[in-house]
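Protein sequences appear in the order of chains A and B. Going by our numbering, the letters in the first sequence line up with residues 175 to 599, in that order. Going by our numbering, the letters in the second sequence line up with residues 175 to 599, in that order.
Please keep in mind that the hints were generated in silico from the structure rather than gathered at the bench.
It does not matter which identical chain is meant; a pair holds if it fits inside one copy or across any two.
Once the Cα atoms are required to be at most 20 Å apart in a straight line, the calculated SDA-like pairs of lysine to any residue come out as:
no., residue 1, residue 2
1, 300, 324
2, 206, 242
3, 453, 548
4, 305, 457
5, 206, 239
6, 203, 193
7, 453, 324
8, 300, 323
9, 453, 321
10, 305, 291
11, 300, 326
12, 300, 321
13, 452, 324
14, 452, 321
15, 452, 253
16, 513, 560
17, 206, 247
18, 374, 414
19, 453, 556
20, 453, 555
21, 594, 537
22, 206, 246
23, 180, 596
2 protein chains.
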Amino acid sequence: MAVYEKMSAAELVALEKELSKEYESFKAKNLKLDMSRGKPGADQLDITNELLNSVNEQSGYRDETGFDCRNYGVLDGIPECKRLFAEILEVEPKNIIVGGNSSLNMMFDYIAQCMTHGAGAEPWCKQGEIKFLCPAPGYDRHFGILEYFGIEMITVPMKEDGPDMDIIEENVKDPSVKGMFCVPKYSNPEGKTFSDEVVKRIAALKPAAKDFRVMWDNAYCVHHISENHDELLNIFPLCRENNNSDMVIEFTSTSKITFPGAGVAALAASDNNIAMIKKRMSMQTIGYDKLNQLRHARYFKDVNGVNEYMKRHAAILAPKFQAVLDCLENNLGQTGVAKWTKPNGGYFISLDVMDGCAKEVAALCSQAGVNLTPAGATYPYGNDPKDCNIRIAPSYPPVDELKLAAELLCLCVKLVSVRKLIEEN
Amino acid sequence: MAVYEKMSAAELVALEKELSKEYESFKAKNLKLDMSRGKPGADQLDITNELLNSVNEQSGYRDETGFDCRNYGVLDGIPECKRLFAEILEVEPKNIIVGGNSSLNMMFDYIAQCMTHGAGAEPWCKQGEIKFLCPAPGYDRHFGILEYFGIEMITVPMKEDGPDMDIIEENVKDPSVKGMFCVPKYSNPEGKTFSDEVVKRIAALKPAAKDFRVMWDNAYCVHHISENHDELLNIFPLCRENNNSDMVIEFTSTSKITFPGAGVAALAASDNNIAMIKKRMSMQTIGYDKLNQLRHARYFKDVNGVNEYMKRHAAILAPKFQAVLDCLENNLGQTGVAKWTKPNGGYFISLDVMDGCAKEVAALCSQAGVNLTPAGATYPYGNDPKDCNIRIAPSYPPVDELKLAAELLCLCVKLVSVRKLIEEN
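Same shape as in the complex, but just chain A:
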């Protein structure tokens, strides 16, 4: 294999013919594979089935204070579940609120709260045009929340160790910039972890908006897939040092620890923010599902239980990531038309192809039966300005299917790149 850009026009045309033929034979296989979302596979779900038996007539339905979890009450989570999340996020239990099954819902709800009731200042919906900073490529559902509420999104490029802090520091001088969404550890989709330097600079921001909020979506906090664990600084003590205690709200869940459809979500925040969120919650609900909280707390006991458990997920996920990485290396390593990340954790591999090619690659994959996250989805408004980023989610398909899907993806990358080079010649 050669570097495509150095090939002659004739070589490219010959290669295009060969790749097209290969592609047609892939199509004939009538594949139906999905690498679009960060869904755990059935093998991962199976290791958690026992959790469902951890609350029953023998073990009883009472939390450690004796409260009957079947009944109404306990707004912010049962103590043992708050403690579990406090250990995971390295905060005090009083700074934890345990929610329902979805941290996305808690994030959505916090933005909804800011819209109608503000974040210690005027409601955002009464402040005219407001904006959010969006490190990208990023998580499409963060962008979806902002778009739903009509909050203007400002794309901030991701560097190797996190978002471009120079751009962020410049933008927060604008008082209409009200916040930022980010995934600081094993980021979605690149699997990058913010460096100490980046975390320190975020904690030390001096936004013109006093109601500036960082939505710190720590979805992958314990989700290592390699033995090399990335380390993320705890941002809260740093915020306190900078008199920014109320600036960060952290979110996480067990969606990719236990069950995506029946896990438990939580947030961590300053005393002020906890009080404001609880005030809303006291009008919003009598309490979230405490039996499910009890199941989780009993099953894991503490953060060590969680960490041990995550090794079982890693054992399933690591070969899947490796299969995709091997396929990328073998097929595209010498071509010079693609680069990709090699994350130590999280759920995604981020693939960058030649500018202007990502949408076409996804379209070809789809026509041959392999679904990818829609190209562009990793950018605000679904608009990848260079049309080059593709998010690969290797978790869901079994390894043999995954290999096939990755083969097809590589083939499509090659085919689209070659066609583009021919066009440009």
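The hints should help you fit chain B onto chain A, whose structure is shown.
Coordinates of chain B only, in the frame set by chain A:
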């Protein structure tokens, strides 16, 4: 016992002395009883424990379409759970959305949606002062939601068969009146069911506001405690006849069918409203807890299963209601200082004492160790203009404790009434 108002001053003073003595001896018992919230008792919760075993490795985790409920996906509820609620609420499954464990949360969220995104018109938060109609006595948490969002509440008196429709028809001529909250069956706290006439008049309303919404909280739709079942007309067909299809959103949950802390909630609405709510949901969550939906659907199978099951709750609740009603009749029946409802279902008995006495009765009860819902809570802003309504929640305490609590309540009503009459003499 005599009618208090006909007693002489001397008789009243003597009675006051006697009642005070009785009250002091009650206080000496150091009671600690709770009749404040509509919480099922532990005996009611126990009958549902088997539900928790209805989803396990043997029975599997897939819904009837084969979808793995442990994983992400299925925004609006698994089919068998949608069908179950559709049968309960007598609508089509396509007009059902199944949520998390709290219908209050779904109501809160719908109002939040109207605030920022409107109900087919301008967002409510952009329409200046807006108002809601509140039949009262009513459910304090409805009023809490409205107060949280700064929506002005207009109290509408409850008559024997529902809210005063003349007042409602007059008020909806004001375009700033955007909706109404109500509990149409076995209402909270009076246990009244809206008559056919009232339901028809609500369905036929011609509000000036095109974005007027009726929050039809059918929390007690299958919650009979007597063999005489109240019947509530299905409002949706009537709305359609009046070109008001989008005016009503109906809510219910299994909180008082299975577990208050771990049930399943649902709403029913027109196609238009369902589409608008789903659009929001698609940004808000990847889906609610489907394993819990599956537990409920498997456990009950259909509405007949639910109806049979509710007889077991009735068998526990009926003696509790009877104990309170007997106590009220025996102690206050001849005094002429109180009247109360005798509901066929729901969770409450509503007690009206002499004007200006409810707060004092609740205070005396509390000082002797029996907690009631705060007097006034059944009215908007916690302000019962006559200070006469007390909500009794007989479900939680065991019968012997309940009898004691009801005895004390009756004693306090007598004592406060007598003192008031002495004062007025």
